Amino acid sequence: MSATTLPHDAAGHHGEHHPSGLMRWLTTTNHKDIGTMYMTFSMVMFFLGGLMILLVRAELFQPGLQFLKPEFFNQLIGNHALIMIFGALMPAATGFANWQIPLMIGAPDMALPRLNNWGFWLLPPAALMLTLPFVLELFGVGDGALATGWTFYAPLSVQGGIGVDFAIFAVHLLGISSIMGSINIIVTIFNMRAPGMTLMKMPLFVWGWLVTAFLLVITLPVLAGAVTMLLTDRHFGTHFFSAAGGGDPILFQHLFWFFGHPEVYILLLPVWGLVPHVLSTFSRKPIYGYKAQVYSFIAIGVLSLIVWAHHFFTAGLPVPALLYFMYSTMSISLPLAVLFFCWIATMWRGAMTFETPMLFAVGFIVLFGIAGLTGLVLADVAADAQYHHSYFVVAHFHFALFTGGIMGVMTGVYYWLPKWTGHMYSETLGKLHFWLTVISFNLAFMPQFFLGLAGMPRRIPDYALQFAEYNAISTVGAFILGFAQLLFAYNIWKCIKGGPSVSARVWEGTEGLEWQLPSPPPHHSWDVQPTVK
Amino acid sequence: MNSATVSGPARHRPLVLKLTALVAASFVFGFALVPFYDTLCRAVGFNGRTLKDALAAKDVGPVRVDLARQLTVQFSATLMPGLPWEIRPLEPTLDIHPGEIRTTRFLVRNTAHETITGQAVPSVSPSQAALSLRKLDCFCFRQQTLGPGESRELALTFIVNPDIDIKLREMTLAYAFFPAPTPSSPTGDQP
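For the protein sequence lines, the chains are A and B, in the order given. Just so it is clear: in the first sequence, position 456 is 456 by the working numbering, and no numbers are missing. Just so it is clear: in the second sequence, position 50 is 50 by the working numbering, and no numbers are missing.
The set of hints was computed from the structure by calculation and includes no laboratory data. These figures come from a predicted structure and were not determined experimentally. Warning: the hint list may mix true and false statements.
Some but not every residue of chain A turned toward chain B, in silico, with C-beta under 10 Å [what the hints assert, rightly or not]:
#1 182
#2 188
#3 221
#4 482
#5 483
#6 486
#7 489
What follows is a set of in silico ranges between Cβ atoms, one per label pair, in the way DEER data are often shown [said to hold, decoys possible]:
#8 A:156 x B:111: 21 to 31 Å
#9 B:84 x A:319: 52 to 62 Å
#10 A:141 x B:102: 29 to 39 Å
#11 B:147 x A:459: 36 to 46 Å
#12 A:458 x B:147: 39 to 49 Å
#13 B:150 x A:156: 55 to 65 Å
Glycine included, C-beta positions come from ideal geometry on N, C-alpha and C.
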């Protein structure tokens, strides 16, 4: 990043009236308050989704049916996914965007603060919609939550119970919230950058989010359309996906994955944007290959829109289509390899230290690399017939979304938390959290690759005896992984409450506008815009 | 630069409107994919879709029967949930020569005590055979209504075009029987 000047002491200006208590959070239009609410919501959903999957793993500890009825098992897996994707990961990324984008581009706040508030407050009702059928079933209303898996495949979802309807409306709300958030982010980035900050001087995190926001704006309406068609098929006599009426169930898969594949990059791009900052800080070197990374982000964003059918290679697509989707999918590994190269080159011969954010960033690179390599195997049409719908896929996308997504979020939280709170978190607890997370994650998911290769199918509450040992190991790993996250929550809580004060720069090697503001930053981030030379 | 020019919601409006238009366009695009996908499937036989309309015998013209080649056509029939019928092909397989006109029958019986209307939806695999299978007449062109306990033989007359891929020796014509979506308004427009 370029050198900057700070026109005046940015601290202060707390003179105006702020509502306090609950009203502060209900009515706030401040980007930091809204960012905090997004992060808090994300943390709550992270534990809720985690609790669901621990029930699933408990059931899978041994073959046979021990704790859960298959119907309930089916509800848990799909809701775990929806809650983790739409409830935990996307709001965490939006929380980062709210906190960081105005700080990093030298803006006083987001461009559309009221829209921002509304965008957040759609999330709790959506989460309620998704989980309410669990509770209603206890009172004898309906037959539980969405039980189709998170993908809503027709015709199963056309036949499902009220849980499907609740999930459809939840997806509508979540979609509207994300679209509003994305519009806000794009407008903020385009209209509110500090003078002198050209697009090619923007921090990589902001670039990652810009591509993400465009992907959301383009693909989420298609998902909204698909679930709307599902709703009218269920209740209003249309036949979009009903073969009897001339529709086609495979069409649903096309529509769903037209959104679903870019969604993977929607979850990952903000993380790919923040990791280089962390690598650069703790290697005490500038980011290597800034332009190459920006162009890779854009290339991956564009490619992600044209590869969707690799999620259903076995649905009976014609061979030319299979070949097209195989080669286009594999071509994504080229810009991704550029990113990996730049990340490693940023660390190369740097004066590296391994504070918690750096540990998470390096762990991210190693484990996310495994996700990328196993993804190449799945992209192979010939091989995919064996792997499809097996635990190999489950292991692959958890390597992608847990290490690529959630560990990336943890990287960012440890990196920026001292900036946000003005206090340093406990480095001891942070390192303990890292090692417990990485070891237990591999314990939980590495065996699933082998289970999948041996033929264990996804989404089934019971399995053959030959899979027993690896499933037991996986369950032990999952429980350690789940409980290790309590350390994360406790460390954040302690850091908010107090701890050693930090300087404006926080870390020795930081560069960028956000480190010129005091820690914590003032209520209005940049009353007077800085100038970037 | 002072804060008055930094904020000011009016200057965001053009960009917000453009992005909103992009969202609306994406939403419409999702719905536009429905007819596009349907057309694509029928044009190239994706997904085992057969041609939509029945061929009249005169349209087939004088087709050369390729006696040198023999193909096995398998028939299957599946009941979808909610249709209390029994159904089976009377001839599970037929050995045919490309170009000859053949007729086969399916037996259906309504096991319920009420009149029920059903609709058969065909699918051909492998999908590259879908375009070569031409139906002259098929029970799947219209809905079938069966009275309580009624049995009926449903006829299918078809021809396999001699231009079919030389490598193909077997093909399957599978029918899924669904409860008719709108019994009150039978249409001849089914796939």
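Status of the hints after comparison with the structure:
The interface hint given for residue 182 of chain A holds, since its Cβ lies 8 Å from the closest Cβ of chain B, which is under the 10 Å cut-off. With 10 Å as the threshold, the beta carbon of residue 188 of chain A comes within range of chain B, its nearest partner Cβ sitting at about 9 Å, so the hint holds. Checking residue 221 of chain A against chain B by beta carbon gives a least distance of about 4 Å; that is within 10 Å, so the hint holds. For residue 482 of chain A, the shortest C-beta to C-beta distance to chain B is roughly 37 Å, which exceeds 10 Å, and the interface hint is violated.
The criterion of a C-beta within 10 Å of any C-beta in chain B is not met by residue 483 of chain A, whose closest approach is roughly 41 Å, and the hint is violated. For residue 486 of chain A, the interface hint is violated, the least distance from its beta-carbon to any beta-carbon of chain B being 39 Å, above 10 Å. Violation of the interface hint for residue 489 of chain A is found here, the shortest Cβ-Cβ separation to chain B being roughly 35 Å, above the 10 Å cut-off. Hint check: residue 156 of chain A to residue 111 of chain B, Cβ distance near 25 Å, so the stated range 21 to 31 Å holds.
For residue 84 of chain B and residue 319 of chain A, the Cβ-Cβ distance of about 39 Å falls outside the hinted range of 52 to 62 Å, so the restraint is violated. Judged by the Cβ atoms, the range 29 to 39 Å given for residue 141 of chain A and residue 102 of chain B is violated: they are separated by roughly 54 Å. Between residue 147 of chain B and residue 459 of chain A the CB atoms are about 41 Å apart, so this pair conforms to the stated range of 36 to 46 Å. As the Cβ distance of residue 458 of chain A to residue 147 of chain B is approximately 44 Å, the hint placing it in 39 to 49 Å holds.
Between residue 150 of chain B and residue 156 of chain A, the C-beta spacing of about 31 Å breaks the proposed range 55 to 65 Å.
Hint check: violations occur at hints 4, 5, 6, 7, 9, 10 and 13; the rest are consistent with the structure.
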